[in-house]
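Student: So the chains spell out like this:
Number of protein chains: 2
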Amino acid sequence: MSAPEGTPIRAIDVIRKKRDGGELTRAEIEALVGGYTAGAIPDYQASAWLMATLLKGMTRAETAALTDTMLHSGEVLDFSDLHSRKVDKHSTGGVGDKTSLVLAPLAAAGGLTVPMISGRGLGHTGGTLDKLEAIPGFNVNLPVAEFRRILETCGCAMIGQTAEIAPADRKLYALRDVTGTVESPFLICASIMSKKLAEGIDALVLDVKTGSGAFMKNEKDAAYLAELMVETGERMGKKMAALITDMDQPLGCFVGNALEVVEVLDVLRGEGPEDLRDLCLELAAWMFLLGGSVSSVEEGKKLSEKLIRSGEALEKFRKMVALQGGDARVVDDPKLLPQAKQKMDVVSAKAGYVTAIQCERAGTACVILGGGRERKEDSVDPAVGFVLHKKVGDSVSSGESLCTLHYNSEALGARAKAMLLESFEIGSAPPKHKRPLVHRVITKSGEKS
Amino acid sequence: MSAPEGTPIRAIDVIRKKRDGGELTRAEIEALVGGYTAGAIPDYQASAWLMATLLKGMTRAETAALTDTMLHSGEVLDFSDLHSRKVDKHSTGGVGDKTSLVLAPLAAAGGLTVPMISGRGLGHTGGTLDKLEAIPGFNVNLPVAEFRRILETCGCAMIGQTAEIAPADRKLYALRDVTGTVESPFLICASIMSKKLAEGIDALVLDVKTGSGAFMKNEKDAAYLAELMVETGERMGKKMAALITDMDQPLGCFVGNALEVVEVLDVLRGEGPEDLRDLCLELAAWMFLLGGSVSSVEEGKKLSEKLIRSGEALEKFRKMVALQGGDARVVDDPKLLPQAKQKMDVVSAKAGYVTAIQCERAGTACVILGGGRERKEDSVDPAVGFVLHKKVGDSVSSGESLCTLHYNSEALGARAKAMLLESFEIGSAPPKHKRPLVHRVITKSGEKS
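Going line by line, the protein sequences match chains A and S.
FYI, in numbering that gives the first Met the number 0 the residues of the first sequence are 0 to 448.
FYI, in numbering that gives the first Met the number 0 the residues of the second sequence are 0 to 448.
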């Protein structure tokens, strides 16, 4: 039963309605989330509502209303005066996932505008901001006016969330983190989409990870979240596509902030490992397709390859680094990036084939070295990490190096080594089924495999 | 997965475990509830846990552990030096439910000790403390030493909850009230039982109400709560019985604090309406049975009738009133109780039979008059209320009085009159099925009808 018009909506009634499985109206969601952001509704009522929402779910209309409420809780950037299409990519996070650093300059080289607002690493996954900050001088904390100026000049810019963007999400996320209410696809969708739509974009490509290194361990959960985000974005007038991609082993071979920048430069030079390169081409192709630059994914891939081959993508990266205050010399001389004091090989005790790399464990090894954070307030060591020499399916002989650790502390190095050794599974034969890089693509018109 | 021994239990892990439908250990419940009571766990974590508990439920072992944790959060009274059996009765609340005021002196007259700690009215239901305070001078706020002295002298005493008793319940209840987490049978059970067991009793008779004036509108919910409380009490070594009794119309004919004291005196004199008298005899019989004074319910009823006939129960009431500072002359002269300034009849517009009295509405009419409270901090007017002349099944002619309102404000009188008129349903024939006074009895050995 809805309250008659004009009656103020009470938080307790909204909580009870959701608790009993009801569908909240837009006004009820606005009253609760708006009231909470403004400080009129206390934490304990918001957390009861969050738990009821996690356990009872939300309809698509509720999810869109929540996203919209959170989006409009703060500043929504407006780049409508820029004539090119504004397109971004968002990943749900993984280990060795450095595609953003390739995609922003690559898409910009192809004429799109990429106003990318990213996050930091948390738990076993890395974060784009931490990777960028491995470049000496690179400033991710730009005021909106400066962000706009760089976008106009360069076509891409990469910054961190500002205090003005989606304050409702910042407040709700902090509460979810301590009340066991993170793992709701509806709340995750609203959190991601409210921040991304605040960038003032026309289109968004989602990279939803699945596998042992992803937050969504199984493909079904990943696809559910992907569909929810695609539908929510489309309800709000955005072009959307979601790729469910593999995160059952680290992406590429380099894990750790400065190390990942090295691999990004490799890809931008037309080198680098196949899986990382292929995923970047696929995601860039979708960005070009949604941005209207091409009329098919294949055409988008060809355009992306051309932009890499010609060096235009790499030049865009160099320009962005310089404009954001970073030392652009790292592009030609990656040795200028922070270097760990010591290296050590992690060798296999037996011969056989790598049948799996427990990806969350591998990511945790990097956190142990100091390359990630267990708590938000931790700082990261940009130099540490590891380089994989073997990936799933590779043969390995006894005593051969599986990966090389880059570390700054003997004690932490020893712990990370043990963790990495544990993460490798060696069998007598390669795995029968190779996991695909892209599991499926979800768009408005339905799924495509 | 339980944490290894010695590891401190984190609230977030307890919340997540319950959210995912797990069974909490006693240590986990103690960590959460104890931590919350001590102020170490914030409101927002407790409310997330409460909502997860409401939606995911609790096992019997968890319910007992929660009850025990809440019970031992404060003082547990110890009357083991008193030689008679300590027996109490608890009602889940209703309209016109004044049985406690009959039962305490009646059971004490039969040799039991009744250390009754009661509550105030809230919402449409009345509260024992408000009724007692209608007696001029009656003091329900006694220190424990004084409570004990009166129990030793008189065998019964009736007070309000002290700050020392089950502080965890007081804190949790306040939070449940504002977070939509009141309506969980597990949380209700722990709340009621922790307070009742703090009285240091050997046995407890539960009067679980069902019908339009009860919190549990349907019998299934009432029986579920009753079974839960019986099992929880028995797990904690108490003799338990629960009667599921009717609250589909007000109990007796008098509703309102002073008016109900008048009807209590009627019953203690062997008069009063049949339903109220029968229920008092039934509940007293179970108190005597659980207290070991008799060997059957029938025998208990006979003992109760005898104690009323002999005047012993009434004398016990007079003694308790005097010992608690009240004006005992009201026993012989009920006119000394607060009197409303005005009276008015609520007459039926048509002839027929009373087919139903919407009991929650009838109770709300008393609240409107000032006889109850909508918020905890409201005060009550002891004089107001109403006296029913017609109950379900009675024939009524057009223009005949259904009830008499006792009121102190014209405006409130008019509103209460409209509300009461609405609560009466008049049909052309009496209802086919008469609802029983006692729907069922639930004891350890199973149900008895």
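A couple of the hints might just be wrong.
Stated by the list, open to error - Restraint ranges, calculated between C-beta atoms of paired labels, are given here:
{"no.": "1", "chain 1": "A", "residue 1": "D377", "chain 2": "S", "residue 2": "G38", "range": "24 to 32 Å"}
{"no.": "2", "chain 1": "A", "residue 1": "P430", "chain 2": "S", "residue 2": "P7", "range": "34 to 42 Å"}
{"no.": "3", "chain 1": "A", "residue 1": "A417", "chain 2": "S", "residue 2": "K443", "range": "52 to 60 Å"}
{"no.": "4", "chain 1": "S", "residue 1": "P430", "chain 2": "A", "residue 2": "G21", "range": "16 to 24 Å"}
{"no.": "5", "chain 1": "A", "residue 1": "G21", "chain 2": "S", "residue 2": "R414", "range": "24 to 32 Å"}
{"no.": "6", "chain 1": "S", "residue 1": "N138", "chain 2": "A", "residue 2": "D377", "range": "57 to 65 Å"}
Stated by the list, open to error - Sample of chain S residues facing chain A (criterion: CB under 7 Å; computed from the structure):
{"no.": "7", "residue": "R18"}
{"no.": "8", "residue": "Q44"}
{"no.": "9", "residue": "A47"}
{"no.": "10", "residue": "A51"}
{"no.": "11", "residue": "K301"}
{"no.": "12", "residue": "L322"}
Calculated from the structure, these hints are not laboratory results.
All figures in this text were calculated on a predicted structure; none of them were measured in a lab.
All residues carry an ideal CB built from backbone N, CA and C; glycine is no exception.
Student: Now tell me, hint by hint, if it's right for this structure.
Tutor: Taking the hints in turn, this is what the structure says about them:
1. For D377/A paired with G38/S, a C-beta distance near 27 Å keeps the hint of 24 to 32 Å intact.
2. Against the hinted window of 34 to 42 Å, the Cβ-Cβ separation of P430/A and P7/S comes to about 41 Å, which satisfies the hint.
3. For A417/A paired with K443/S, a C-beta distance near 55 Å keeps the hint of 52 to 60 Å intact.
4. The given range of 16 to 24 Å is broken by P430/S and G21/A, whose C-beta atoms sit roughly 33 Å from each other.
5. At about 30 Å, the beta-carbon gap between G21/A and R414/S stays in the expected band of 24 to 32 Å.
6. Distance hint check for N138/S and D377/A: the Cβ-Cβ separation is about 59 Å, which falls inside the suggested range of 57 to 65 Å.
7. Hint status for R18/S relative to chain A: holds, with the closest Cβ pair at about 5 Å, below 7 Å.
8. Because the closest C-beta pair between Q44/S and chain A is about 6 Å apart, less than 7 Å, the hint holds.
9. The interface hint given for A47/S is met, as the beta carbon of that residue sits about 4 Å from the closest beta carbon of chain A, less than 7 Å.
10. Satisfaction of the interface hint for A51/S is found here, the shortest Cβ-Cβ separation to chain A being roughly 5 Å, below the 7 Å cut-off.
11. Here the hint on K301/S is broken, as its CB sits about 47 Å from the closest CB of chain A, past 7 Å.
12. Residue-level restraint check for L322/S is violated (minimum Cβ-Cβ distance to chain A is 41 Å; threshold 7 Å).
The structure is inconsistent with the numbered hints 4, 11, 12, although it conforms to all the rest.
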